[in-house]
Structure formats: structure tokens, C-alpha cells
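Student: Knowing the structure of chain P, use the given hints to seat chain W on it.
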Amino acid sequence: MSRIFRTTVSHSILIWGVLLMIVPLWLVFASSTHTNSYIYNEGMQWKIGGEFFENYDRVLNRKGGFTKEITASGIFYNSFIMAFGIASLSVFVSMMAAYSLVYFKTRFSTLFFWLIFITLLVPLELRILPSYQIVSDLNLLNSYAGLILPLSASAIATFFFRQYYRSIPEELLEAAKLDGANSWKFFIDFLVPLSKTMVAAMFIFMFVYGYNQYLWPLIMTTSEKYWTVVMGLKMIYGGNSVDRYTYVILSLIPPVIIIVFLQRLFIQGLFQSK
Amino acid sequence: MKRVQFSSYFTQYFFIAPQLAIILIFLYLPIVQTFRDAFTIQDAFGFGRYFSGFDNFTFVLSDPNYITALKFTLIFIVVITFFSCSIGLLLAVQANNVIHGKSTYKTLLIWPYAIAPAVVGVTANYFFSERLGILYNFFNGLWGFDWYDNVYDAYIYVFIAASWKQISANFIFFLAGLQNIQKSIIEASIIDCKSSFRRFWTITFPLLMPTTFFLIIINITYSFFDTLGIIDTTTIGAPSGETKTLVYKAYIDGFKGLDLGSAGAQSIIMMLIVLVITVFQFRFIEGKIHYN
Numbered sequence: 001m002s003r004i005f006r007t008t009v010s011h012s013i014l015i016w017g018v019l020l021m022i023v024p025l026w027l028v029f030a031s032s033t034h035t036n037s038y039i040y041n042e043g044m045q046w047k048i049g050g051e052f053f054e055n056y057d058r059v060l061n062r063k064g065g066f067t068k069e070i071t072a073s074g075i076f077y078n079s080f081i082m083a084f085g086i087a088s089l090s091v092f093v094s095m096m097a098a099y100s101l102v103y104f105k106t107r108f109s110t111l112f113f114w115l116i117f118i119t120l121l122v123p124l125e126l127r128i129l130p131s132y133q134i135v136s137d138l139n140l141l142n143s144y145a146g147l148i149l150p151l152s153a154s155a156i157a158t159f160f161f162r163q164y165y166r167s168i169p170e171e172l173l174e175a176a177k178l179d180g181a182n183s184w185k186f187f188i189d190f191l192v193p194l195s196k197t198m199v200a201a202m203f204i205f206m207f208v209y210g211y212n213q214y215l216w217p218l219i220m221t222t223s224e225k226y227w228t229v230v231m232g233l234k235m236i237y238g239g240n241s242v243d244r245y246t247y248v249i250l251s252l253i254p255p256v257i258i259i260v261f262l263q264r265l266f267i268q269g270l271f272q273s274k
Numbered sequence: 001m002k003r004v005q006f007s008s009y010f011t012q013y014f015f016i017a018p019q020l021a022i023i024l025i026f027l028y029l030p031i032v033q034t035f036r037d038a039f040t041i042q043d044a045f046g047f048g049r050y051f052s053g054f055d056n057f058t059f060v061l062s063d064p065n066y067i068t069a070l071k072f073t074l075i076f077i078v079v080i081t082f083f084s085c086s087i088g089l090l091l092a093v094q095a096n097n098v099i100h101g102k103s104t105y106k107t108l109l110i111w112p113y114a115i116a117p118a119v120v121g122v123t124a125n126y127f128f129s130e131r132l133g134i135l136y137n138f139f140n141g142l143w144g145f146d147w148y149d150n151v152y153d154a155y156i157y158v159f160i161a162a163s164w165k166q167i168s169a170n171f172i173f174f175l176a177g178l179q180n181i182q183k184s185i186i187e188a189s190i191i192d193c194k195s196s197f198r199r200f201w202t203i204t205f206p207l208l209m210p211t212t213f214f215l216i217i218i219n220i221t222y223s224f225f226d227t228l229g230i231i232d233t234t235t236i237g238a239p240s241g242e243t244k245t246l247v248y249k250a251y252i253d254g255f256k257g258l259d260l261g262s263a264g265a266q267s268i269i270m271m272l273i274v275l276v277i278t279v280f281q282f283r284f285i286e287g288k289i290h291y292n
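Which chain is which? The protein sequence lines are P and W, in order. Anchor point for the first sequence: position 210 equals 210 in our numbering, and the numbering is continuous, going up by one each time. Anchor point for the second sequence: position 156 equals 156 in our numbering, and the numbering is continuous, going up by one each time.
Since the hints were derived computationally from the structure, they do not count as laboratory data. None of these values were measured; they are calculated from a predicted model. Incorrect hints may have been included.
Stated by the list, open to error - Each computed SDA-like pair below joins lysine to any residue, with the alpha-carbon atoms no more than 20 Å apart:
no.	chain 1	residue 1	chain 2	residue 2
1	W	106	P	264
2	W	106	P	262
3	W	102	P	260
4	W	71	W	225
5	W	102	P	5
6	W	102	P	3
7	P	105	W	13
8	W	256	W	232
9	W	183	W	210
10	P	63	P	77
11	W	106	P	20
12	W	102	P	267
13	P	185	P	170
14	W	102	P	19
15	P	105	W	18
16	P	234	W	129
17	W	102	P	8
18	W	106	P	254
19	P	234	W	256
20	W	102	P	265
21	W	256	P	132
22	P	105	W	11
23	W	102	P	18
24	P	225	P	81
25	W	106	W	181
26	W	71	W	150
27	P	234	W	225
28	P	177	W	10
The shape of chain W in the complex, shown without the other chains:
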């Protein structure tokens, strides 16, 4: 925090008021309602509402479909984060190495960042449609690929679509991270260690940890929330709900099923999951990172 500051209450409130007004109406009010929905049960006609304690939560957590969605979401997060981070890092390291064409490569690798998840989903749909999809036919030739029926094939479909979209974002941040590393450290390491492969893993990669840490959070948030548009335009949960993420399931149960209590309880469980992941990362991972 800054030492020299202003201390006028009026100006402080004036400047923060617009942001607070928007979040109170459109964020905190909905959150309060979510809690109300989660701890009450509405009768079928919407006239009465009574307190139900943790009934909605036990209902949600004892639903095998919910456990399926939970497992899928966790696998989904790990796979997307791993693949999009590795490919993004690989490309960023190469782009940082080359002298000619650096900015051309950068432009050509950055632009998919701008494409909406739903648009990526529709595009992936063309590649995986049953009769004429190029990737559908390719995988089908290898092992009888059929994502309409086989859970693992459906996984492959959404994993490819969702990871592809996220490569550029990882690339942008890794490249910026690499360019931030001081030249003198790299030069010193060249004298000490001949193998560029070992140099990368012992010098460069540890120095990139703050970027990696930041990107892991970004990728988790992306896989958790932003992929809704991808799921809704690709498998829609096919074969039978196995490719629904938690967020997608809450949306379907709430909007299509009109089960407010269940959707509210699901939202609160997800808030807790995100909170736990965030706290865990800050406590256990960030403590081990060297900031230069």
C-alpha cells in the first residue's frame, strides 16, 4: 500500500460507488437469492417456500449423476490445463528462440484467443459429425470411434475442442514470462551448463513459476466456467450426461428442469470448490515459487 494517500471519505466513496452499486445489485443480490434457494424448498406451484436445511445438498450429493459430473469436471480441468499449458509453453519457448519471424509467429498463434468458446464448439462439431467429420472418420478408422455411444470417445471430443481454444492464452502469457527473464541469468547459465534441455528445466522453468502459477488459475477458471459454451455446442452431455461439467449440469437442472433448490445447492457447492482450489494454490504452491 502507498504511504502517501488521501483521506477524504467523500471522494473515496464517490469513486467506488459505481462499482459497488453494480456488484450489489447484480452480484450480491443474486448470491443471497442463491443461498435462499439452496436452503428452501418451493412447492410445485410456486406459492409456498419453506426452510429445508441441508435437504437440497443431500439430494444433490446423493445423486449419482452429480458424482459423474464432478468426476468429469476434475478430469476435464487436469487434462485441459496440462495439454494447453504444455503446448502453449512449447510454442512460447520456440518463439522466444527464433530471431526471424518472431512477430509473425506471435500474430498467427495469438488470434484464436479472440474466438468465443461457443464458436470453437460449433467448429469442432464439423470435425466430429458422424457422417463427414474429418476427425470422426480418422479416429473411427483407428478404433471404431463413436462419441454418441462411447464415454471415452466423447471425452476425446470435448478435450480436443476445449484445449485447442486455450493454447493461445497460455502462449501469450508464457512468452511474456520468458521475455521478462533477465538476459544476464540466461547468459550465465549458458557458461555453466552446455545442455540446453537441462538448462531449460533447471534455470528457465523455475523462473517461469510465477507465470505458470497464474496460468494454472486461469486454466482452472476457464475449464470450470467458460467451457459451458463448448459443451452446449458439442456433445450437450452425450452419451448420457457423462460429459456434463458441474456448471453445465447446474444450468440444465436450473433452467431446463426448473429445480431452483437443486441449482442453488449446486452453485454453492461449486463456490466452495473454487474457494478450496484457490486457497490451496495460494498456501501450498505459491509458497514454493521464487519471484525474481
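Bound conformation, chain P alone:
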């Protein structure tokens, strides 16, 4: 009896939790399928309306911005490039740095370790003005490189790779050395294949992180050609127009799809180092 009672309580709490997560976005989605004037006068809607295709087609393909030359599809392309660039570069760079930190012992190892991990204390939000100046001095304002580079040295990703490498038994290196593997061969033939799950998890993590950037693209793209999805919320649509509801839903589809479909890989990688 008490067991059935407890299970019922668990299920009802979970259902409330799920509703808490889903209802707000459902309202935004349902509202995005009505006409502009209806939403303007009536507010958010629970029921789906008849304007789904019209609204989504319009928002994706209509030219907007000050110059009337950009479309939402173009903005999605920019966000994708930015997120993909940050994810691949940071995974690549952190993997190498972690290898250097774990498998080499020389005079500067400790210094390198602190140089990298002290940066956890200084996220981009704290150094946004000077970062802007440096990127501007390097002539990287309004470029993909400028969007990607300052965000692609991730101390967190390096930390995860470092933890993972440290958990690999030492016998592996001993055996590899006996077989005559040098430091390059060991990295490419042993570590890289072993850390596939970790690479996937960190890639997902950094992709979502890059895609969701708001402040950096907001200040460093003065040209509409390089606008990204999340900052576009502030720049393109103001007020209570139905287009903004539609845009909100479109903007969260890519990262949500990635997390939902790759959650197994993501969670496996995140927790295998612990």
C-alpha cells in the first residue's frame, strides 16, 4: 500500500515538474500560430491557431533589419557557424592542452596549469570592454573569427579532459611505451579513440554554449550580416508582435534538438570523468 502511495506521489510531483517546464513554451508556441492583431489584443493563447505556416514562412524568409537585406535563415546560418566554430575549436584545443598537462612533467607544468584554470574566474562578461578593443585592434569586428576566437579557449572543457585522462590507468601508457609508441603516437592512436564519448559531450556542451551567446555578438557585430539568433531577439523584433513569438520558438529548436537527441552521449561524457 505505502509503496503504491509513494509511487503515485513521485509521479505526480514529476508531472508537475514537467508541466512547469513545458507550459510556458507551449503558450509561446500556441501564440505563434495566431494573427498579429489577435495576439496583440488578447495576449498569449492556449489553443493553436490557423496561421502556423504563414507566420513561420514569413519570419524565416522576410527580409528585415535596418537595411532590409537580412533574413532569419541568414541569421540561423551565422549562429550555426559561430556555435560550430566554438565547439570544434575549443574541443580540439582543450584536448591537446589537457594531454600536455597530464602526460608531461617539466618545469613549467604547474605554471601552465594555473595560467589555464585561473581563467575560470574571468568569464567574458568581466572583460567585455577590453576584449572588444582587442578584437577591434585585430580588425576582427564583424567577422566569424571575431565571434569565435575569444570564446574558444574553454577552461571547463580542458578541466573535463584533464579529469578523464587522469582516470585512464597508467598501465595503458606503460604498455604503449613497451610497444614503442612515442608521445605523438600515444595521443593519436590511444587517447583520441578512447575519448570519443568525452569529445562528443564537450562538443555538445560548447555548441549549446556558443549558440546561446548573447552579449558578445550583441556588442561586436555592428553589421547586420553577422547577427546571430539570440541577439536578434533584441535587435529585430520588439514588443508583442506575433513574429517575435515565432522567432522565439525557432530560436530554441536547434539547441533543444541537440540536447534531446544526444542527451545519452552528453550525460555519459559529463559523468564518466567523476
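Tutor: Coordinates of chain W only, in the frame set by chain P:
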């Protein structure tokens, strides 16, 4: 550290060089500039720059608006961490209990992790807009809610938006923490203690402490830095600056006000705050945790 290692300088430097190059250019150079800005004053036309000692710091710290932002940030951190951790933990414990539908619940509770803070802010905006916002009208019916004018109402607005976003992250980590606890410990505790409520607080929760510790750091960093996108899309500091976090204020003063000295000093104060919190946690909290 590993006992068996390589000792080739060249390969070591080669592998660490890309990471170091990026952080030197895009992290350490800006940090050096932040320090330069913080300890100098630029004349109004941007031609001269002279050393000013701690003038910028005394200016910032004697500004009542800064103290307001500091207080708000501390309340904000505590409230968000408390609510998103408790709800995340509650849901994780239930999800760990049930046998049927576990992975469905997991998927349905995980996905908000992927939504950008700014998108959450815009969504919250719909719920709290004056004329038609559902939550605005709901609270307004209860006590005359008006976040445009009332500080505490504005607090409620940003607290709800910012905590909601963080529940999934806490849920993911607590669930993983719960699944890591050895089954034998739980089974042994069932024999010793009948009350599942007491069992949770005396056995499970202490074993979850490493996860909780980690999550407290994650939540502090989130409330401190990542909520900028939420503030900028919800209250923008309304009623009159009371809902600005330190990070948001530094951004507004630096970018909109173009006061480099003040923004630099604010950044350095925040680095110190984050450093103090981190050191404090490692010294006083981590020492009391049992790792299994």
C-alpha cells in the same frame, strides 16, 4: 598526477601552445587592460591618461547605486541557488524512485537546459507584460503587483525567470549523483531505518554533498554572469536600477556610459568577489564533505 610520463619539452609546448595563444591574446591581454583602465583616468577627449591610484575604486564603492547592485546580486545568488537546487533535487529524487517512465521524465525535464538565458528572458517578458501577461495579472489580482514601480515585485519577476532556467541543470547533476550512490548503502539503510524521509536526510543527502558542492559553484557562476541576458530582456534594471546585477551594471556603465575607469574597477572588484567565494567554498565547505 601520473607517475609514468613523457619528458619532451617540445611536444609538451606544442600541445599546449594553441590554448595558451588564445588565452594570452583574448584573456590575459584584456585582463591587463582592465587593470590599466582601473588604475588610470582618461581625459574627456581620450587623448591623455594618467595614473589615479585607487580613485576609480573609491568612486565606485562610494556610489550608492553600486551598493544597491551589490546587495541585489547577493540576494539574487542566494534565491536562485536555493530554489533551483531544491526543485532540481526534489525532481531528481522522484525520478530516481520511479521505475516506469524514468527516461521520458528525464528527457522532458532536461531540455530547458538548452535554452539561452536571453530567450528565457523574452519568454518571461510575455508572462509579466503589463496589460496581458498571465503572471502579471495573476499576482496583480493578489496584491496589486506592479514591477515597473515596486522593487520587490521586480525581484519576483527576475527571480522566477532566472530560477526556472536553472532547474534542469540542477536536475541533471543531482540525478547523476543519486545514480552514483552504491545500491548496497541504500539497501543497508532500508534495514536500519523505516522512514524514507529520515533515510534521505541522514544517508542519501550527505552522500550527495560532493554534487551539491559542485552545483553551488555552478549556480553562483550562473547567477553572477549568465543572467545578464535575462536582466537585459526582462526588467533592464527596473524600477530604477534596483534589479541590476553587478555584471549588468559594469556592462551598462562601460558600454553605454563609456566610463572605462569605473567599468575596469568594477570588473576587478567582481574578480575579487568570485575569488573570495571560490576560496571560501574550498576551505570551509569542501573540508566537511564525505567523498565515497
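Student: So, for every hint listed, does it hold in this structure?
Tutor: These are the hints, each one checked on the structure:
Of the pairs offered as hints, the one joining residue 106 (chain W) and residue 264 (chain P) holds, with about 11 Å between alpha carbons and a cut-off of 20 Å not exceeded. Using a Cα cut-off of 20 Å, the hinted pair residue 106 (chain W) and residue 262 (chain P) holds, with the two alpha carbons roughly 13 Å apart. With a C-alpha separation of about 15 Å, the suggested pair residue 102 (chain W) and residue 260 (chain P) falls inside the 20 Å cut-off, and the hint holds. For the hint linking residue 71 (chain W) to residue 225 (chain W), the alpha-carbon distance of about 15 Å falls within 20 Å, and the restraint holds.
Between residue 102 (chain W) and residue 5 (chain P) the alpha-carbon distance is near 17 Å, which keeps this suggested pair within the 20 Å criterion. For the suggested pair residue 102 (chain W) and residue 3 (chain P), the alpha carbons sit about 17 Å apart, so the restraint of at most 20 Å is met. Of the pairs offered as hints, the one joining residue 105 (chain P) and residue 13 (chain W) holds, with about 11 Å between alpha carbons and a cut-off of 20 Å not exceeded. At most 20 Å may separate the alpha-carbon atoms for a hinted pair to count; residue 256 (chain W) and residue 232 (chain W) meet this at roughly 13 Å.
Under the criterion of a C-alpha separation no larger than 20 Å, the hint pairing residue 183 (chain W) with residue 210 (chain W) is consistent with the structure, at around 18 Å. For the given pair, residue 63 (chain P) sits about 15 Å from residue 77 (chain P) by alpha-carbon distance, which is consistent with the 20 Å threshold. For the suggested pair residue 106 (chain W) and residue 20 (chain P), the alpha carbons sit about 14 Å apart, so the restraint of at most 20 Å is met. With a C-alpha separation of about 15 Å, the suggested pairing of residue 102 (chain W) with residue 267 (chain P) holds against the 20 Å cut-off.
Using a Cα cut-off of 20 Å, the hinted pair residue 185 (chain P) and residue 170 (chain P) holds, with the two alpha carbons roughly 16 Å apart. Restraint check for residue 102 (chain W) and residue 19 (chain P): the C-alpha separation of about 16 Å stays at or below 20 Å, so the hint holds. Distance check on the hinted pair: residue 105 (chain P) and residue 18 (chain W) sit about 19 Å apart at the alpha-carbon level, within 20 Å; holds. For the proposed pair residue 234 (chain P) and residue 129 (chain W), the alpha carbon gap of about 16 Å is at most 20 Å, so the pair holds.
For the hint pairing residue 102 (chain W) with residue 8 (chain P), the CA-to-CA distance comes to about 14 Å; that is within 20 Å, so the pair holds. Of the pairs offered as hints, the one joining residue 106 (chain W) and residue 254 (chain P) holds, with about 19 Å between alpha carbons and a cut-off of 20 Å not exceeded. Proximity of residue 234 (chain P) to residue 256 (chain W) is assessed by CA-CA distance (about 16 Å); at most 20 Å being required, the pair is judged to hold. With a CA separation close to 17 Å, the supplied pair residue 102 (chain W) and residue 265 (chain P) stays within the 20 Å bound.
About 14 Å separates the Cα atoms of residue 256 (chain W) and residue 132 (chain P), which keeps this hinted pair within 20 Å; it holds. This hinted pair checks out: residue 105 (chain P) and residue 11 (chain W) have alpha carbons roughly 11 Å apart, not beyond 20 Å. Using a Cα cut-off of 20 Å, the hinted pair residue 102 (chain W) and residue 18 (chain P) holds, with the two alpha carbons roughly 12 Å apart. Between residue 225 (chain P) and residue 81 (chain P), the direct Cα distance comes to roughly 13 Å. Compliance with the 20 Å bound is thereby established for this hinted pair.
Taking the CA atoms of residue 106 (chain W) and residue 181 (chain W), the gap is about 18 Å. The hint holds against a cut of 20 Å. For the given pair, residue 71 (chain W) sits about 17 Å from residue 150 (chain W) by alpha-carbon distance, which is consistent with the 20 Å threshold. The hinted pair formed by residue 234 (chain P) and residue 225 (chain W) meets the criterion: a straight-line CA distance of about 19 Å does not exceed 20 Å. For the hint linking residue 177 (chain P) to residue 10 (chain W), the alpha-carbon distance of about 18 Å falls within 20 Å, and the restraint holds.
The earlier numbered hints are all upheld by this structure, with none contradicted.
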